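> So the sequences go chain by chain: S and C. Its first residue numbered 552, the first sequence is counted upward by one per residue in the numbering used here. Its first residue numbered 552, the second sequence is counted upward by one per residue in the numbering used here.
Just so you know, the hints here were simulated from the structure itself, not pulled from any lab data. As the structure is a prediction and not an experimental result, all values here were calculated from the model. Some clues are possibly wrong.
Chain copies aren't distinguished; within one or between two, either way the pair holds.
Here are the computed lysine to aspartate or glutamate pairs in the EDC-like style, where the Cα-Cα straight-line distance is at most 20 Å [said to hold, decoys possible]: (1) Lys-617 <-> Glu-728; (2) Lys-1023 <-> Glu-1121; (3) Lys-615 <-> Asp-729; (4) Lys-944 <-> Glu-1130; (5) Lys-785 <-> Glu-1174; (6) Lys-617 <-> Asp-733; (7) Lys-818 <-> Glu-1063; (8) Lys-898 <-> Glu-853; (9) Lys-818 <-> Asp-651; (10) Lys-1066 <-> Asp-994; (11) Lys-617 <-> Glu-627; (12) Lys-824 <-> Asp-733; (13) Lys-898 <-> Asp-863; (14) Lys-1086 <-> Asp-1128; (15) Lys-1023 <-> Glu-1104; (16) Lys-615 <-> Asp-733; (17) Lys-615 <-> Glu-734; (18) Lys-687 <-> Glu-676; (19) Lys-622 <-> Glu-1222; (20) Lys-562 <-> Asp-1162; (21) Lys-1086 <-> Glu-1063; (22) Lys-562 <-> Glu-849; (23) Lys-757 <-> Asp-1060; (24) Lys-824 <-> Glu-1092; (25) Lys-622 <-> Glu-1183.
There are 2 protein chains.
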Amino acid sequence: MRRYLDVDPWKIVESGFHPERQRASESIFSIGNGRFGQRANHEEAYTGDTLRGSYVGGVYYPDKTKVGWWKNGYPEYFAKVLNAPDWTTIRLCANGEELDLATHAPLHFRRELDMLRGLLTRTFEVSVGGMHLSVKAQRFCSMADVETAFLRYSVDVLDGSGTLTLEPVMDGDVTNEDANWDERFWEVNAASGDATGGHLTVTTRKTGFQVSHAMRATAWFDSRSLEGSALPMKHGHAVRFECAVEAGSRCVVDKTISLLRGMDHSKESILEKAEQKVEEAVALGWSAALQDHMMAWERIWERSDVTITGDDAAQQAIRFNIFHLNQTFTGDDPRLNIGPKGFTGEKYGGASYWDTEAYCLPFYLGTHPQGVARQLLVYRRNHLDRAIENAAKLGFDGGAALYPMVTMNGEECHNEWEITFEEIHRNGAMVYAIHNYIRYTGDEAYMAEGGWEVILGVARFWAQRVNWSEAKSAWVILGVTGPNEYENNVNNNWYTNYLAAWCLQQACDALEWMKAHAPVALSAASAHWQFDEAKERPHWEAVSAGMYYPELEGTRVFLQQDGFMDKAQEMAADLPDTERPINQHWSWDRILRSVFIKQADTLQGLYFFEDAFDTATHRENFEFYEPRTVHESSLSPCVHVVLAAKLGLETKAVEMYLRTARLDLDDYNNEAYQGLHITSMAGTWMSVIEGFGGFRVRDGKPHFNAMLPKAWGSYSFQLQFRGRQLKVSVDAEGTRVQLQEGEPLEVVLDGKAVRLS
Amino acid sequence: MRRYLDVDPWKIVESGFHPERQRASESIFSIGNGRFGQRANHEEAYTGDTLRGSYVGGVYYPDKTKVGWWKNGYPEYFAKVLNAPDWTTIRLCANGEELDLATHAPLHFRRELDMLRGLLTRTFEVSVGGMHLSVKAQRFCSMADVETAFLRYSVDVLDGSGTLTLEPVMDGDVTNEDANWDERFWEVNAASGDATGGHLTVTTRKTGFQVSHAMRATAWFDSRSLEGSALPMKHGHAVRFECAVEAGSRCVVDKTISLLRGMDHSKESILEKAEQKVEEAVALGWSAALQDHMMAWERIWERSDVTITGDDAAQQAIRFNIFHLNQTFTGDDPRLNIGPKGFTGEKYGGASYWDTEAYCLPFYLGTHPQGVARQLLVYRRNHLDRAIENAAKLGFDGGAALYPMVTMNGEECHNEWEITFEEIHRNGAMVYAIHNYIRYTGDEAYMAEGGWEVILGVARFWAQRVNWSEAKSAWVILGVTGPNEYENNVNNNWYTNYLAAWCLQQACDALEWMKAHAPVALSAASAHWQFDEAKERPHWEAVSAGMYYPELEGTRVFLQQDGFMDKAQEMAADLPDTERPINQHWSWDRILRSVFIKQADTLQGLYFFEDAFDTATHRENFEFYEPRTVHESSLSPCVHVVLAAKLGLETKAVEMYLRTARLDLDDYNNEAYQGLHITSMAGTWMSVIEGFGGFRVRDGKPHFNAMLPKAWGSYSFQLQFRGRQLKVSVDAEGTRVQLQEGEPLEVVLDGKAVRLS
């Protein structure tokens, strides 16, 4: 843990210049609007350690797979998240000397991310070219108009005089750090401009994703408008503003950007539309645009804020998580999803992991209109054909679907055999998400509008993936990797077996629902997918009923997998600090054969299927697995918060909460430089709402059973539920639930039904 | 299986031109002399599909590791077998048109490898540049002077006239197909020459291995000596011979090559020595050099030939295997070993796998002076420090040694976690080889001269690699890959567990021997390796005695690993032909979870430790595993020959023999284009001598218990044994053993002791 940022309820603040933390800060101070996003790179030239990063949702490059030894079934490519053209740069020269904070050490450097307003501000003083300057740079990616971004760069001359130049730049000459073969991913199609701005259209190689930028630059010198001059570039365009300054002068540049995707506009019109859009944005102006943007954020916070009093670090952290989730995915585009790093880094590539279904869905259900969560389900429904192709590549047939470990367009693009081919539990998460969505929203109609088809494809996969063990007289699932990736190629991972059996039962239940409520849709789907109930369903039922589950004899403990008790039973608390995290100190084989757990998938199963098990079972399993868990997955601690809170283990719950909530802010695993752990941020939200707040949906009603951590004075959260907005407040006097919007509703508070109106 | 080569007892013959099989033929017709070797690339230009390959023993390049996802413990590089400078090329032009068999289709094309003489001959007729030519190209890598090679290229003009040019070339501008990052591996240090020849000195990048070539070219035109002219090249040198020809003319070029390694000569003298060497070779001349070379091969065949009458395909195959083994490793250099492809291809890299100890040692024991097999042991003794470093990288300490999966210099350079970190049974093969060597030769002194130290390092590894299972009340070995690589990361692989326990027992036995026979060496070794008997030995004994072995209840079958009986128990015979080999048709996960076995490691264990188990145990295990084995490892069938022969299963033994013996000749797995399966060739030899011949060494005596396959009239083989040479002949009348050389000896023939003199 390394805390170098100030603690503040609404702001992330870096006071002082930390070049050694520059990459981490670039991640933490990232801004975005669900459509595109930007790391907090300095506007000026910077020759220090930096990862330039500008990302556009839905745009990727199929980078030829790089492996040492090919295994049958590997995808041909990995979908890389692309560093897109640079629209943030504003070069500054004083008397011909270019400002570079790596060589011109700044004074009073301060970086502030205002999460309430979605505004990034950076201020510093610096001596360059014989002048002493005070610089203030502000920017935002508009949440009100997601095709625009605004920068204001203001320079006060405190001392010295001479010529000051400011050059707003748009540059298509960009590369990825994460490139398997050091290839360039973009072609520049058009780049031109004049003294007021320009445009830049680029297209990804192979995939042909087009992105069009337009820029307008305006400047004032001591409140008088300043004329620029055009600076043509091969791969972009810049404008130069030059003025003779003296102490007391002020220069301000407004850089207005439009960023349009070929996915949203025709090839013929995109350039023109980008120009139109930037003209409208200039006409609107910085102040009005910022006002619109702030109002959009205000609406977001109204429906998703969580307050915590008495613990500013906890307060800041939960807002930081909520802020970035909202920047990453707004739910207005069914082609987008929640990438593991959002718009904050290249690492891991792809746009969606099972994290979306398992960890992110509850956040979007609880804080957004119902359509947003539904969009996430539709995304997978739209990829069903690809999932069937993925399964076919591994030898499955008859419409069996295997959803990918990571993807951009539904095609698998992961390439470690133990994950790609074996971490198949992900398939169950697709069905769990449908179940979770319908349970939460009551939108049963979704079953007929995509749900059933996905469930059918997944059920067909499990039905083929099991085999009958004569030795065990039961169905088994061999050769899998569970969510605990510190075990590979194991037999009968309890979580996977349970989830598979549950999916097959869900398929039977869903089929009954379809027969009763959507016979026409069922009949159409049966024809399309060649579904034969008489042939398929009896096997589903047999497998579901006859699945094998490893258990620890004489206890209620479910064993993570066959043979788990053959391991030396060591405890994480006994590991020396010098060996943690073990994934940075131990060889892979040692990790695999050790008892230590990256994330406890048995507990994940108990979390998913809570009501199927009694509290004693929860307790025994938690007490067995928690001490063996090293939480080296960002997705691990949140589930432990929920279970610990349920079991009344407050100390453990708070410890785990801080670990998940401040994972990136305090950079627990020294990984923030790569980008933020976006999907685990939803787990943080879950740990407050479902953990401390004890929120569940049962029988169509919200249930609350809250705990108040000692260190907190109180906390509150907003919840969207079936057209209502609820505000839940917890303090020493208990829990209050207010209906802020919508029809009357019955909730269950500490076990008692209460009618809200 | 695709048989396109003629069957002949002493020759490999390709009649007719098979451009689609060119790469396979280049492998099959490779020549070498243990020091260097050469694929059968055409001398002339060839723009068709070809893999140029010239390899020098002991020379490699550490190619930066290429993996998709890094795992802790991976080596930084993979040691690549290098394509070295080209010394075979002789360009031919007729009236300015260059001969290229890819475009000038040859007539009467014939390629012949004379295995008795070690001579490669290629003849064809071709029309080019208005002439009709008859070409004969011959070459050999001298076995009599392993720093020399000779080519004779003879052209008869059958029709047409004009200018014929022949250009012998030496070219350092070469690349590897197997290069992770498309880098060049060689630097050319010096290249020059004149009208009679030239020299070329190259050095590998990073590793600095120097190789110096010198070339002399002489030519005759219609029996008159022809003057050449120098053709300087940037990365080499060529000589041009030009003559005006007419129908009936004959041009002959002799190209004489010396090839010296920096490993054998000082940097300062190598160039001069290469020149001296080539001058000596030229002075000796083609005919005398060929005579010396043939005599060297004659001596090899005298001590290693196997004859089979009645089945020419079987006869040709065994000689093909013996021929290539002798070309690959002669045992005169302790820095060399038996690379998986020898000098026939780049694939797999590295110089040694556990194949050497498990499969090749018996061949060299049986066919070479004792020192050659000893050299193979010394090679590993010399790598002991590196083996300890390998183990340390994986977290082992206290002098534990882990021999590498593949290496050039002792350092591990494999990089698939399931192999690199987990296929640790290889470590036991090092100890087995020492045991096998001493059993065969009686050279117990080796224990004190390196054996004990290797055994100690390996025992220390196993002592740390086990863990105590409370659940099983036994020592277990978790997370391994056995020789059957169609299972990864399994628990308690029977072969590995048995071998580990046996190694620990061997360590105790060896320690006793050292105490009794070499106390001074023991004491020195104990001090050097900080060996503490009181602390270490009790644990060895406990583990060895308390090891867990998976077994099939109610039978004598040892289970390949924990959980094996959970698999669907299918039989290889029921696999459709269209799905075999499964490694070319199934995804990797499907292979892993299937019952099918690449090579049956339980049977490998029974083969190694035959006398520890009764025949019923052998039979039950063979009957259990053979039907589940798909033999997709080249090392698989030979062990099945030995076991089937022992059990009297003649049909199975013959089927398996043909599969191992003609694996490359008939290209069963369509892999010959990559190079030959050199190490499995030793398995072929083993399958005749130990399988059909029933040869064993027990109590210091050779035992024979032969079977004669119905299709064979008779067979015979030579055996080197403790200073004697035996000839064993088997025909319908029985088995005869003749002492051809050496002191009188008692052998056991069909169970009866017989004294030979």
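> Take the hints in turn and mark each one as holding or not.
So, going through the hints one by one against the coordinates:
1. Lys-617 <-> Glu-728: This pair counts as both: shortest intra-copy Cα distance 15 Å, inter-copy 16 Å.
2. Lys-1023 <-> Glu-1121: between (29 Å within a copy, 17 Å between copies)
3. Lys-615 <-> Asp-729: both (12 Å within a copy, 17 Å between copies)
4. Lys-944 <-> Glu-1130: Between copies only: 14 Å across, 40 Å inside.
5. Lys-785 <-> Glu-1174: Result: close neither inside a copy nor across copies, 63 Å intra and 72 Å inter.
6. Lys-617 <-> Asp-733: Classified as both; 12 Å inside a copy, 13 Å across copies.
7. Lys-818 <-> Glu-1063: Answer is neither: 47 Å inside a copy and 83 Å across each miss the 20 Å cutoff.
8. Lys-898 <-> Glu-853: neither (32 Å within a copy, 63 Å between copies)
9. Lys-818 <-> Asp-651: neither (38 Å within a copy, 49 Å between copies)
10. Lys-1066 <-> Asp-994: within (17 Å within a copy, 81 Å between copies)
11. Lys-617 <-> Glu-627: both (9 Å within a copy, 16 Å between copies)
12. Lys-824 <-> Asp-733: Answer is neither: 33 Å inside a copy and 44 Å across each miss the 20 Å cutoff.
13. Lys-898 <-> Asp-863: neither (30 Å within a copy, 60 Å between copies)
14. Lys-1086 <-> Asp-1128: neither (56 Å within a copy, 28 Å between copies)
15. Lys-1023 <-> Glu-1104: Both. Shortest intra-copy (15 Å) and inter-copy (13 Å) distances satisfy the 20 Å Cα cut-off.
16. Lys-615 <-> Asp-733: both (11 Å within a copy, 15 Å between copies)
17. Lys-615 <-> Glu-734: Both: 10 Å inside a chain and 18 Å across chains, each within 20 Å.
18. Lys-687 <-> Glu-676: So Lys-687 and Glu-676 pass the 20 Å test inside one copy only (9 Å; across, 83 Å).
19. Lys-622 <-> Glu-1222: Only across copies: Lys-622 and Glu-1222 sit 16 Å apart there, 30 Å inside one copy, limit 20 Å.
20. Lys-562 <-> Asp-1162: Neither, since 39 Å and 76 Å both go past 20 Å.
21. Lys-1086 <-> Glu-1063: within (16 Å within a copy, 67 Å between copies)
22. Lys-562 <-> Glu-849: within (15 Å within a copy, 87 Å between copies)
23. Lys-757 <-> Asp-1060: Close neither inside one copy (43 Å) nor across copies (65 Å); limit 20 Å.
24. Lys-824 <-> Glu-1092: neither (55 Å within a copy, 80 Å between copies)
25. Lys-622 <-> Glu-1183: For Lys-622 and Glu-1183, the Cα distance is within 20 Å only across copies (15 Å; inside one copy 27 Å).
Violated hints, in rising order: 5, 7, 8, 9, 12, 13, 14, 20, 23 and 24; the structure is consistent with all others.
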